[in-house]
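Student: Knowing the structure of chain E, use the given hints to seat chain F on it.
So you can see what is in the structure, the chains are spelled out below.
Number of protein chains: 2
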Amino acid sequence: MQRIINDPDNVVDDAVRGYLRASPNLYAATDHPRVLKYAIETPAKVGVVTGGGSGHEPAFLGYVGDGLCDAVAIGEIFSSPTADAFLEAFRAADRGQGVACLYGNYAGDNMNVKMARQMAEMEGIQVKTVIARDDVASAPADQREKRRGVAGEIMMWKVGGAAAARYDDLDEVIRLAQKAVDACSSIGVGLSSCTIPANGKPNFTIEPGHMELGIGHHGEPGIEVVPLPNAEAMAQAMCDPILADQDFTGSDVAVLISGLGATPVMELNLLYSHVADRLETEGITVHRADIGNYFTSLEMMGATLTVMKLDEELKPLVDAPAQSLALTR
Amino acid sequence: MQRIINDPDNVVDDAVRGYLRASPNLYAATDHPRVLKYAIETPAKVGVVTGGGSGHEPAFLGYVGDGLCDAVAIGEIFSSPTADAFLEAFRAADRGQGVACLYGNYAGDNMNVKMARQMAEMEGIQVKTVIARDDVASAPADQREKRRGVAGEIMMWKVGGAAAARYDDLDEVIRLAQKAVDACSSIGVGLSSCTIPANGKPNFTIEPGHMELGIGHHGEPGIEVVPLPNAEAMAQAMCDPILADQDFTGSDVAVLISGLGATPVMELNLLYSHVADRLETEGITVHRADIGNYFTSLEMMGATLTVMKLDEELKPLVDAPAQSLALTR
Chain E
9 MQRIINDPDN
19 VVDDAVRGYL
29 RASPNLYAAT
39 DHPRVLKYAI
49 ETPAKVGVVT
59 GGGSGHEPAF
69 LGYVGDGLCD
79 AVAIGEIFSS
89 PTADAFLEAF
99 RAADRGQGVA
109 CLYGNYAGDN
119 MNVKMARQMA
129 EMEGIQVKTV
139 IARDDVASAP
149 ADQREKRRGV
159 AGEIMMWKVG
169 GAAAARYDDL
179 DEVIRLAQKA
189 VDACSSIGVG
199 LSSCTIPANG
209 KPNFTIEPGH
219 MELGIGHHGE
229 PGIEVVPLPN
239 AEAMAQAMCD
249 PILADQDFTG
259 SDVAVLISGL
269 GATPVMELNL
279 LYSHVADRLE
289 TEGITVHRAD
299 IGNYFTSLEM
309 MGATLTVMKL
319 DEELKPLVDA
329 PAQSLALTR
Chain F
9 MQRIINDPDN
19 VVDDAVRGYL
29 RASPNLYAAT
39 DHPRVLKYAI
49 ETPAKVGVVT
59 GGGSGHEPAF
69 LGYVGDGLCD
79 AVAIGEIFSS
89 PTADAFLEAF
99 RAADRGQGVA
109 CLYGNYAGDN
119 MNVKMARQMA
129 EMEGIQVKTV
139 IARDDVASAP
149 ADQREKRRGV
159 AGEIMMWKVG
169 GAAAARYDDL
179 DEVIRLAQKA
189 VDACSSIGVG
199 LSSCTIPANG
209 KPNFTIEPGH
219 MELGIGHHGE
229 PGIEVVPLPN
239 AEAMAQAMCD
249 PILADQDFTG
259 SDVAVLISGL
269 GATPVMELNL
279 LYSHVADRLE
289 TEGITVHRAD
299 IGNYFTSLEM
309 MGATLTVMKL
319 DEELKPLVDA
329 PAQSLALTR
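Sequence lines, in order, name chains E and F.
Letter by letter, the first sequence follows residues 9 to 337 in the working numbering.
Letter by letter, the second sequence follows residues 9 to 337 in the working numbering.
Here chain E stands alone, though its shape is the one from the complex (with noise of 0.2 Å):
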């Protein structure tokens, strides 16, 4: 395990004392040490929160900034964050005009947020929450609620944190932040393994020359395992579900492209000129491109493609000002 850690299980702590200290014009501590807050005093605004395991950096503290989330509660490697820690979040982001809790379908953050909401609720902080279900790989479209949230969440943050930036209230933060990851379809795939610090082995396989299509962000099984493909008919073995899922024909998109961790960038490039290409094929136009890693797995090798409907309402949402460690527009 080639890694840059001291104790293998205090990395999240170490790690956390860290961004505080490379980045004290993003990032203030809060009263709990798992809860990072934006530095700048946010005015009378609803509050966006959001929180997930650690390993997927930049998310999820990189998108607590200036147009994005303004507290982040941050989880042990690939686990949830507690409920003290979401509630802590809460706290640092409510303004009095309520938060939006915005972050994926796992059974650890469902049972965490809702927890620390009943909590907020007994301190007078009101708390509505999203839920991304964006992954088509992980359960069919008419079962949407088993639905695993995987990079379709930056467009979450980004579209609800824009609401919120603009003094939208808190019920009109939820209904954009909704419809922003209801937009978004993702599947990612899996051509490398990773190791949790604290395990020191691999947490699951792909023999090479192969790829897991369909991959969870933590490994999670996928569709299949298929012989690894070149990067055109890659493109094409993620392009079919997400088409297959919404009716994108003839709309604008937003398209992001994430690596895993270990794939070089020029690779994410290259996979998204043959999506491009496809998209160009099928009547879709793409908006804009987001190609890069923002949202990744430890040092797994592979990408996720979110495609995400756009609509007048969305898209001055999605290039609205945003500044942040992971996301800058």
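Calculated from the structure, these hints are not laboratory results.
This structure is a prediction, so every number in the text was calculated from the model and none was measured.
Glycine residues also receive a C-beta, built at the ideal position from the N, C-alpha and C atoms.
It is possible that some hints are incorrect.
[To be verified] Incomplete in silico selection of chain E near chain F, CB under 10 Å:
{"hint": "1", "residue": "Arg-11"}
{"hint": "2", "residue": "Ile-12"}
{"hint": "3", "residue": "Arg-25"}
{"hint": "4", "residue": "Gly-26"}
{"hint": "5", "residue": "Leu-236"}
{"hint": "6", "residue": "Thr-271"}
Tutor: Frame of chain E; chain F shown alone:
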């Protein structure tokens, strides 16, 4: 070899096509397939050009943009761009005020820039150069002319680009870019190797449980191979030769830690906290820290540390606005 590519011999051309499709607001094609220029026509200012081998993304092309470079020459993976490519980049960047070519000290780049510069001058384009030599591990301080350029190049582009953006003349852009990179001392640690697509096999070997201190960006041998230390000891091992290279005591500095590709960003921030502790102990004040994947080597694990001594002339140029794929301020 778990790569997202088509024909391994066409990786660079395929990737360039991807960058052009993904970021039409940043990149425009030129008459040379391996040269990209900034998509927005710049005014009559000094042109800033860089170039180098592929596989270091976001370097070099990620530093084309506002307040940075105007054109980039793109080589094969880990190989210099051709003289023709550098020449076309000079043409693309020239606005009649001359061109500053800011690149790293590698034999192929030196030869091809020299040839391109002679050809450009026959066309009436004045080109002056700064050659980055910031890697303290590659030669002793009294043989600085032998040192390789590594991530200190980013500060050279940042300062040179900012000087050109405020309409400094060519001699002044060159002076400031030279001053910027002379103010940088850098060192890398390699924790694992990488595989060039056209070769299909790892470039070199680092045994698990070991690291190579002072490794170059293409796996060039470092100072020594040592058992992999914890992050705190690794930070000391990187700071020692940097602090011995220049007298930083009492100075303000900019710090840049770049991952080499596959090392998670959380570990880079974790490493930074120990670097920050050490610098504080030495009476050095961190003015700014950039932590992320700024200059990689495909999917190598490891990191580079650059410490740059600032004065009142360099500080505003390091902080000046910039807009690009790799760096935004």
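Student: Now tell me, hint by hint, if it's right for this structure.
Tutor: Do the hints match the structure? See the list:
1. Because the closest C-beta pair between Arg-11 (chain E) and chain F is about 6 Å apart, less than 10 Å, the hint holds.
2. The interface hint given for Ile-12 (chain E) is met, as the beta carbon of that residue sits about 4 Å from the closest beta carbon of chain F, less than 10 Å.
3. At its closest, the beta carbon of Arg-25 (chain E) sits 5 Å from a beta carbon of chain F; the interface hint therefore holds under the 10 Å criterion.
4. Hint status for Gly-26 (chain E): holds, given a least beta-carbon distance of 3 Å to chain F, under 10 Å.
5. Hint status for Leu-236 (chain E): holds, given a least beta-carbon distance of 7 Å to chain F, under 10 Å.
6. The beta carbon of Thr-271 (chain E) is positioned within 10 Å of a beta carbon in chain F (closest approach about 6 Å), and the interface hint is therefore held.
Going down the numbered hints, you'll see the structure goes against none, and every one checks out.
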